[in-house]
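So the protein lines, in turn, are chains A and B. Each residue of the first sequence is one higher than the one before, counting from 576 in the working numbering. Each residue of the second sequence is one higher than the one before, counting from 576 in the working numbering.
It is possible that some hints are incorrect.
Since the list gives no way to pick out one identical chain from another, each pair is judged satisfied if it fits inside one copy or across any two copies.
[Stated by the list, open to error] Straight-line alpha carbon distances no greater than 27 angstroms define the calculated DSS-like cross-link-like pairs of lysine-lysine that follow:
no., residue 1, residue 2
1, K842, K890
2, K754, K608
3, K817, K892
4, K732, K617
5, K792, K750
6, K653, K717
7, K754, K892
8, K732, K750
9, K750, K842
10, K842, K817
11, K617, K817
12, K750, K717
Worth flagging that the hints you see were computed from the coordinates, not collected in a lab. Predicted model only: the values in this text are computed from it and were never measured.
Protein chains: 2
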Amino acid sequence: MKKYLNLILLLLATSGAFGFAQTSQPAIIEDFKPSTLNQPGKEYPMVNSQGYVRFRIQAPLAQSVTVSLGLGGRGGTKLTKAADSTWVGTTEGPMDEGFHYYHLNIDGGIFNDPGALNFYGSIRWESGIEIPAHDQDFYALKDVPHGNVQQILFPSKSTGTSRRAFVYTPPSYYKDQNKRYPVLYLQHGWGEDETAWSNQGHANLILDNLIAEGKIKPFIIVMTYGMTNEVKFGKIREFDIKPFQTVLVNELIPFVDANFQTISDQKHRAMAGLSMGGMETKTITLANLDKFAYIGLFSGGTFSMEDVNNTPGFKEKVKLTFVSFGSRELENRRAGFGGGDPKVNAEALKQANINSVFYVSPETAHEFLSWRRSLREFAPLLFKD
Amino acid sequence: MKKYLNLILLLLATSGAFGFAQTSQPAIIEDFKPSTLNQPGKEYPMVNSQGYVRFRIQAPLAQSVTVSLGLGGRGGTKLTKAADSTWVGTTEGPMDEGFHYYHLNIDGGIFNDPGALNFYGSIRWESGIEIPAHDQDFYALKDVPHGNVQQILFPSKSTGTSRRAFVYTPPSYYKDQNKRYPVLYLQHGWGEDETAWSNQGHANLILDNLIAEGKIKPFIIVMTYGMTNEVKFGKIREFDIKPFQTVLVNELIPFVDANFQTISDQKHRAMAGLSMGGMETKTITLANLDKFAYIGLFSGGTFSMEDVNNTPGFKEKVKLTFVSFGSRELENRRAGFGGGDPKVNAEALKQANINSVFYVSPETAHEFLSWRRSLREFAPLLFKD
Numbered sequence: 576m577k578k579y580l581n582l583i584l585l586l587l588a589t590s591g592a593f594g595f596a597q598t599s600q601p602a603i604i605e606d607f608k609p610s611t612l613n614q615p616g617k618e619y620p621m622v623n624s625q626g627y628v629r630f631r632i633q634a635p636l637a638q639s640v641t642v643s644l645g646l647g648g649r650g651g652t653k654l655t656k657a658a659d660s661t662w663v664g665t666t667e668g669p670m671d672e673g674f675h676y677y678h679l680n681i682d683g684g685i686f687n688d689p690g691a692l693n694f695y696g697s698i699r700w701e702s703g704i705e706i707p708a709h710d711q712d713f714y715a716l717k718d719v720p721h722g723n724v725q726q727i728l729f730p731s732k733s734t735g736t737s738r739r740a741f742v743y744t745p746p747s748y749y750k751d752q753n754k755r756y757p758v759l760y761l762q763h764g765w766g767e768d769e770t771a772w773s774n775q776g777h778a779n780l781i782l783d784n785l786i787a788e789g790k791i792k793p794f795i796i797v798m799t800y801g802m803t804n805e806v807k808f809g810k811i812r813e814f815d816i817k818p819f820q821t822v823l824v825n826e827l828i829p830f831v832d833a834n835f836q837t838i839s840d841q842k843h844r845a846m847a848g849l850s851m852g853g854m855e856t857k858t859i860t861l862a863n864l865d866k867f868a869y870i871g872l873f874s875g876g877t878f879s880m881e882d883v884n885n886t887p888g889f890k891e892k893v894k895l896t897f898v899s900f901g902s903r904e905l906e907n908r909r910a911g912f913g914g915g916d917p918k919v920n921a922e923a924l925k926q927a928n929i930n931s932v933f934y935v936s937p938e939t940a941h942e943f944l945s946w947r948r949s950l951r952e953f954a955p956l957l958f959k960d
Numbered sequence: 576m577k578k579y580l581n582l583i584l585l586l587l588a589t590s591g592a593f594g595f596a597q598t599s600q601p602a603i604i605e606d607f608k609p610s611t612l613n614q615p616g617k618e619y620p621m622v623n624s625q626g627y628v629r630f631r632i633q634a635p636l637a638q639s640v641t642v643s644l645g646l647g648g649r650g651g652t653k654l655t656k657a658a659d660s661t662w663v664g665t666t667e668g669p670m671d672e673g674f675h676y677y678h679l680n681i682d683g684g685i686f687n688d689p690g691a692l693n694f695y696g697s698i699r700w701e702s703g704i705e706i707p708a709h710d711q712d713f714y715a716l717k718d719v720p721h722g723n724v725q726q727i728l729f730p731s732k733s734t735g736t737s738r739r740a741f742v743y744t745p746p747s748y749y750k751d752q753n754k755r756y757p758v759l760y761l762q763h764g765w766g767e768d769e770t771a772w773s774n775q776g777h778a779n780l781i782l783d784n785l786i787a788e789g790k791i792k793p794f795i796i797v798m799t800y801g802m803t804n805e806v807k808f809g810k811i812r813e814f815d816i817k818p819f820q821t822v823l824v825n826e827l828i829p830f831v832d833a834n835f836q837t838i839s840d841q842k843h844r845a846m847a848g849l850s851m852g853g854m855e856t857k858t859i860t861l862a863n864l865d866k867f868a869y870i871g872l873f874s875g876g877t878f879s880m881e882d883v884n885n886t887p888g889f890k891e892k893v894k895l896t897f898v899s900f901g902s903r904e905l906e907n908r909r910a911g912f913g914g915g916d917p918k919v920n921a922e923a924l925k926q927a928n929i930n931s932v933f934y935v936s937p938e939t940a941h942e943f944l945s946w947r948r949s950l951r952e953f954a955p956l957l958f959k960d
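I would like the entire structure built from these sequences, with the hints used as guidance.
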């Protein structure tokens, strides 16, 4: 477990949204448009067709305004004061496609960009921006039947509170009250919460679109908060999985099975998570193979033959292991992986006749486009029996 | 309609969160605690038992930091730089109980307080703070059965998009798939959106608690965005109700009736709204009395005998008119009301044998505690037939 936590810390430390090519940058094309994640009516931040981001901030009396988005470890993007007293600037190079968290530093304090919507990450509501991806169609809001995402409050005796989860029910759910569905429990990463997979991940739209294209059979997704203790920076090593395991396995799963049209046997239940959520997924599923048949780790670890051999019943009970990373994560950490090279591991499992899938998201880092794509790849492999 | 819009503008202009007594303020009691609406783990802003709010902002190089919360029209609360370079300050007097929007002005720019959660109001995500109310129990998260709030995306041909709504289903909803429920369509105010009644209003918790106490029969609430055009400050006079009426009446209601366990006749459908949402409610219900039987205007207008006499079928079809205001709104506007004095109007309707209820929320302004209480008072009066 300790080794695993160190891996997650390494992932966090070596990740980053900063996929600049090392060569000289192309000339900036002046076709900037408001980011799709701007607050209603806000012009800035803007994104151009190459993935450059331009910022404009009102703070006429400020001494300095910088944006965390831009060059990893090199202080982000420094804005300069324009003639009209606004602070303006453009990232030094194009950003990776997909979603990025960011914030402003104004006179030494951290604030959000008033132009952008906020998303929970880094244990705070951060500003968010979206660089349109060439394959964004798979998570676009389209004119197809839509499932619903609903907030539930479930009783948790072990933590003495009502806890919140979000439940995605597929479009057909309300049409036929006798139909029952498999369930995927889907976990966010460290510093995020149960809002992440809908807001940043578009899990609901990904499922809507896969269902509309006939690529998957409909299933339910349940997303809840993956921690039970107060979260602070640098305290991840103190994280204890057991209280959350109790919440998930003993409280949430029975509540969902009692209140939704689920198929409640092991063969129709999956769990997946990103980053820290992958760590949680691995630990909880391996300790509860009577409850989960399909397991996905998105940028959050790997399954080795050691895991298989140390877990009684693994070969009989596990119907799928799915492990994915963003390509930039693999580039960054080529020298070694906690738990071994994930591609080599996945191949070893396949040789041992375990249904093992390994996926690499092209040109993305430890960020949500990697995880949206991972869900798109993972979903069609689920609930085959 | 024009007169009505002017009333709303007047309400917006004369409202405010600034219920200071005009006499000298009591000594500040040093029992400040983190606001219940702070982001996880954040200490500031803090609130004391008298309703004073204390702020602390990190921005060591800033020239000036003020908070919009505090004295209406007098520049809010000016923070001063402490020895540790943080900016600190306390409101000059106690704030009214309940929820208040606010923001920071840092060196001439508007930003949110990084310590507080954000809520959509004033057509931006604003910081929010909660002054514990003496009657907060009715909207508290308690150990009672909870209904769900779910996001739906419904097709809207008239606007060419999928539009979002939130649907509250009561706790019993999933237990009996043959049971059907009445529906309340509940609208937010100007500058807010479909998230307001859950996030700021706690409509779901208010219903959960009323149901648990046996004070109401369960019903469904539907909350959607009440505008179809781009919203800008000062443009409320250009607002045209017709496109939204088409969305609500021709698109959303049929979608909800097709996809939820509703009783879809006129006698089991209500509409209410706050501020601008009250204006919308009045206009849409009076034009569609074949669809709505119960009508609530929360700080958003009044029903006069002129309305009754000018609307064919009013007396036969309307089962309830409910009009409410915060007491400070009435104090502020004692000289006159657009549409006449709401209390006098309500009394006139009663005299004409119309089921007319008038409610005043004690010591609150044009703010969410007025509207939470209005919903608490309104809900038990609904769906009596």
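For each hint, the structure was consulted:
| no. | hint | result |
| --- | --- | --- |
| 1 | K842 / K890 | within (14 angstroms within a copy, 59 angstroms between copies) |
| 2 | K754 / K608 | neither (44 angstroms within a copy, 49 angstroms between copies) |
| 3 | K817 / K892 | within (22 angstroms within a copy, 58 angstroms between copies) |
| 4 | K732 / K617 | between (44 angstroms within a copy, 26 angstroms between copies) |
| 5 | K792 / K750 | both (15 angstroms within a copy, 25 angstroms between copies) |
| 6 | K653 / K717 | neither (37 angstroms within a copy, 47 angstroms between copies) |
| 7 | K754 / K892 | within (25 angstroms within a copy, 39 angstroms between copies) |
| 8 | K732 / K750 | between (34 angstroms within a copy, 21 angstroms between copies) |
| 9 | K750 / K842 | both (24 angstroms within a copy, 25 angstroms between copies) |
| 10 | K842 / K817 | within (24 angstroms within a copy, 51 angstroms between copies) |
| 11 | K617 / K817 | between (44 angstroms within a copy, 25 angstroms between copies) |
| 12 | K750 / K717 | within (20 angstroms within a copy, 32 angstroms between copies) |
Taken one by one, the earlier hints fail for this structure at numbers 2 and 6, listed in ascending order.
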